[in-house]
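S.K.: Can you make the complete structure from the sequences, with help from the hints?
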Amino acid sequence: MAEIADAEARQRELVALLADVSRRNETSFKRLYDRCSAKLFAVIRRITISEATAEEALQEAFMRIWDHADAFDPTLASPITWMTTIARNTAIDSIRRGAERISATAVVIDEELADRLAAPGSVPDVLASRQLRRCIDGLDVDRRGMVLLAYCYGWSREELSHRFDRPVATVKTLLRRSLISLKECLGGG
Amino acid sequence: MADDDLEGLAGEYVLGTLDASERAEVEARLHREPALAAAVAQWAERLQPLADLAGEAEPPNIVWPKIEARIRDGLGDRVVRLQRSVRRWRFATAATLFAASILAVVIIGERQVAPPAGASYVAILGGEGGKPAFVASVDTEARTIRLRRVGDAPPPDHSFELWQVPASGPTVSLGTADAISDLKALQVSLKPGELLAISVEPKGGSPTGQATGPVVFTGALLPAE
Numbered sequence: 000m001a002e003i004a005d006a007e008a009r010q011r012e013l014v015a016l017l018a019d020v021s022r023r024n025e026t027s028f029k030r031l032y033d034r035c036s037a038k039l040f041a042v043i044r045r046i047t048i049s050e051a052t053a054e055e056a057l058q059e060a061f062m063r064i065w066d067h068a069d070a071f072d073p074t075l076a077s078p079i080t081w082m083t084t085i086a087r088n089t090a091i092d093s094i095r096r097g098a099e100r101i102s103a104t105a106v107v108i109d110e111e112l113a114d115r116l117a118a119p120g121s122v123p124d125v126l127a128s129r130q131l132r133r134c135i136d137g138l139d140v141d142r143r144g145m146v147l148l149a150y151c152y153g154w155s156r157e158e159l160s161h162r163f164d165r166p167v168a169t170v171k172t173l174l175r176r177s178l179i180s181l182k183e184c185l186g187g188g
Numbered sequence: 000m001a002d003d004d005l006e007g008l009a010g011e012y013v014l015g016t017l018d019a020s021e022r023a024e025v026e027a028r029l030h031r032e033p034a035l036a037a038a039v040a041q042w043a044e045r046l047q048p049l050a051d052l053a054g055e056a057e058p059p060n061i062v063w064p065k066i067e068a069r070i071r072d073g074l075g076d077r078v079v080r081l082q083r084s085v086r087r088w089r090f091a092t093a094a095t096l097f098a099a100s101i102l103a104v105v106i107i108g109e110r111q112v113a114p115p116a117g118a119s120y121v122a123i124l125g126g127e128g129g130k131p132a133f134v135a136s137v138d139t140e141a142r143t144i145r146l147r148r149v150g151d152a153p154p155p156d157h158s159f160e161l162w163q164v165p166a167s168g169p170t171v172s173l174g175t176a177d178a179i180s181d182l183k184a185l186q187v188s189l190k191p192g193e194l195l196a197i198s199v200e201p202k203g204g205s206p207t208g209q210a211t212g213p214v215v216f217t218g219a220l221l222p223a224e
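Here the protein sequences line up with chains A and B, keeping their order. Numbering (numbering that gives the first Met the number 0) for the first sequence: 0 to 188. Numbering (numbering that gives the first Met the number 0) for the second sequence: 0 to 224.
For the record, the hints were derived by calculation from the structure and aren't laboratory data. Where is the CB? At the ideal position from N, CA and C, for every residue including glycine. Check before you lean on any hint, since a few could be wrong.
If the Cβ cut is set under 10 Å, some of the chain B residues that face chain A in the computed set are [said to hold, decoys possible]:
| no. | residue |
| --- | --- |
| 1 | G7 |
| 2 | V39 |
| 3 | D51 |
| 4 | K130 |
| 5 | P222 |
Straight-line distance between alpha carbons at most 35 Å, and here's what the computed DSBU-like set of lysine-lysine pairs gives [stated by the list, open to error]:
| no. | chain 1 | residue 1 | chain 2 | residue 2 |
| --- | --- | --- | --- | --- |
| 6 | A | K171 | B | K190 |
| 7 | B | K65 | A | K29 |
| 8 | B | K130 | B | K190 |
| 9 | A | K38 | B | K65 |
| 10 | A | K182 | A | K38 |
| 11 | A | K29 | B | K130 |
| 12 | B | K130 | B | K183 |
| 13 | B | K130 | B | K65 |
| 14 | A | K171 | A | K182 |
Here are the simulated distance ranges between beta carbons [unchecked claim]:
| no. | chain 1 | residue 1 | chain 2 | residue 2 | range |
| --- | --- | --- | --- | --- | --- |
| 15 | B | A27 | A | A18 | 22 to 30 Å |
| 16 | A | V167 | B | A178 | 16 to 24 Å |
| 17 | A | R96 | B | D151 | 55 to 63 Å |
| 18 | B | A68 | A | R95 | 32 to 40 Å |
| 19 | B | A152 | A | T26 | 41 to 49 Å |
| 20 | B | D181 | A | R23 | 33 to 41 Å |
| 21 | A | D164 | B | K65 | 38 to 46 Å |
| 22 | B | P222 | A | S49 | 48 to 56 Å |
| 23 | B | R69 | A | T74 | 24 to 32 Å |
| 24 | A | T26 | B | D18 | 35 to 43 Å |
| 25 | B | A19 | A | D72 | 21 to 29 Å |
| 26 | B | R71 | A | D164 | 23 to 31 Å |
| 27 | B | A152 | A | E12 | 44 to 52 Å |
| 28 | A | K29 | B | R147 | 18 to 26 Å |
M.R.: Below, the structure written as structure tokens:
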């Protein structure tokens, strides 16, 4: 119970900070950065290959947060989800602009990762939602790998197509079927 | 290309597997389709635990000073004020949540004064960096606006479109602005301090009656004398 109360207090604090940031309060923006930058940097760092790209993407993500804090709607999403969405989009934008992801080295490294991720039960217990883990574990190996590589590591359909040796159109179909399975498993109406 | 599978499209948008044109399409639709925006928000919440898995990684100390310098460069506030007025009319729904890609533009001033009869106003519309692109002069008695282009022509196969951006409420199209010089009849009354904006639209102007492309130039109307 205490943990839930803590999480709620944290969330309220972030909502309040974002409201301050929308009024151009630099002190609150710095506090928001101190609270969230390590988390967002970790999310970005998984997607970009180079540290330099990650730093630029983090900078860009916080500029977007600064510029668009007034568009944040706490009834639609939690503050951390909103900021994560911005951070992931920024990181994905930066890797899709360059060709760094297509290099052979990156594919080899990432294949090890894909194998590790795709192993059943590989999603660690720290996963906030056990239900999501259970549902992801319920997908077959390839589909699980595709979803995780896409979300966590920013893999495109083309990259997934190489890795899983399936046509791009098939990758799209499999991704969408996986999403439907996940939604049903999670009880989304 | 329309993609009827709203859930799949929203899910793939959040996964990050859409290609560039599909992503752009979703982002454009987010502004006007609350159902799609809600689906995207739900997918983001559903999958958030996977982002939490990344843990924490302290960014290097150099990042914050760079952000701080950018928000203090003096342009920021003026840019954002305009972005907000733009957003008020352009994305007047909760869909703005995931739309973090609005072009930076510059605002000159925001004075709001009642219009005297028979007055004339001018506005210099410029883009990022302040280089003038259009000069507008309004004659309230003749109810005309003359728009003279002093910058580049619109991109190939596109039109510039002129908008009145009221302090509140939707923007009003004042027509396309492709000619080097054009005298237009005014159907609306314009006041000093009021903002004009120019967006890039498909050839012939916005198909929706609201700006669909980026706002590239803005300027506020000032008394001519």
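S.K.: A separate judgement is required for each hint: does it hold in the structure or not?
M.R.: Now for the hints, and whether the structure bears them out:
no.	hint	in the structure
1	G7	4 Å, holds
2	V39	8 Å, holds
3	D51	5 Å, holds
4	K130	22 Å, violated
5	P222	29 Å, violated
6	K171(A) / K190(B)	52 Å, violated
7	K65(B) / K29(A)	12 Å, holds
8	K130(B) / K190(B)	24 Å, holds
9	K38(A) / K65(B)	19 Å, holds
10	K182(A) / K38(A)	26 Å, holds
11	K29(A) / K130(B)	32 Å, holds
12	K130(B) / K183(B)	24 Å, holds
13	K130(B) / K65(B)	25 Å, holds
14	K171(A) / K182(A)	17 Å, holds
15	A27(B) / A18(A): 22 to 30 Å	27 Å, holds
16	V167(A) / A178(B): 16 to 24 Å	44 Å, violated
17	R96(A) / D151(B): 55 to 63 Å	24 Å, violated
18	A68(B) / R95(A): 32 to 40 Å	27 Å, violated
19	A152(B) / T26(A): 41 to 49 Å	45 Å, holds
20	D181(B) / R23(A): 33 to 41 Å	37 Å, holds
21	D164(A) / K65(B): 38 to 46 Å	42 Å, holds
22	P222(B) / S49(A): 48 to 56 Å	53 Å, holds
23	R69(B) / T74(A): 24 to 32 Å	30 Å, holds
24	T26(A) / D18(B): 35 to 43 Å	41 Å, holds
25	A19(B) / D72(A): 21 to 29 Å	26 Å, holds
26	R71(B) / D164(A): 23 to 31 Å	51 Å, violated
27	A152(B) / E12(A): 44 to 52 Å	50 Å, holds
28	K29(A) / R147(B): 18 to 26 Å	45 Å, violated
Checked against the numbered hints given earlier, the structure breaks hints 4, 5, 6, 16, 17, 18, 26 and 28 and satisfies all the rest.
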